[in-house]
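A.B. asks: Start from the sequences, fold in the hints, and give me the full structure.
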Amino acid sequence: MILEFAKPGHLLFGSDYPHAPEQLSKGFTKFVDEFQMDEEKKTEIYYKAALELFPRLNNTNVGFIFGASGTHW
Numbered sequence: 001m002i003l004e005f006a007k008p009g010h011l012l013f014g015s016d017y018p019h020a021p022e023q024l025s026k027g028f029t030k031f032v033d034e035f036q037m038d039e040e041k042k043t044e045i046y047y048k049a050a051l052e053l054f055p056r057l058n059n060t061n062v063g064f065i066f067g068a069s070g071t072h073w
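The numbering of the sequence shown is the UniProt record's numbering, which starts it at 1 and goes up by one.
Just so you know, these hints were derived from the structure itself, not from any lab.
Nothing false has been slipped in among the hints.
Here are the simulated DSSO-like cross-link-like pairs (lysine-lysine), alpha carbons at most 30 Å apart as the crow flies:
#, residue 1, residue 2
1, K30, K42
2, K26, K7
3, K41, K30
4, K48, K26
5, K42, K7
6, K7, K30
7, K48, K30
8, K7, K41
9, K42, K26
10, K41, K26
11, K7, K48
Taking CB as the label site, the calculated pair distances span:
#, residue 1, residue 2, range
12, P18, L57, 16 to 22 Å
13, F28, L51, 15 to 21 Å
14, F31, L51, 19 to 25 Å
15, N59, Q23, 28 to 34 Å
16, A6, E39, 15 to 21 Å
17, F54, P18, 15 to 21 Å
18, A20, L57, 19 to 25 Å
19, L51, I2, 18 to 24 Å
Every value quoted in this text rests on a predicted model; they were computed, and no experiment measured them.
Beta carbons are placed, not taken as given, at the ideal position from N, Cα and C, and that holds for glycine.
C.D. replies: In structure tokens:
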């Protein structure tokens, strides 16, 4: 698995949405959501690593995009 080679803070999640078909993008998200990994690691992969790399994104409403409901769109 990739976590054997890189820390979660060095991984960025990307679904290729809207360029990939929506069902494929949802499948990527579902795979990560269901993967046996603690929530802090998932949070790092989903958006914290990106915020470290692109600090200006920290001014957006990321909580709306990645809310507790599990919504990623």
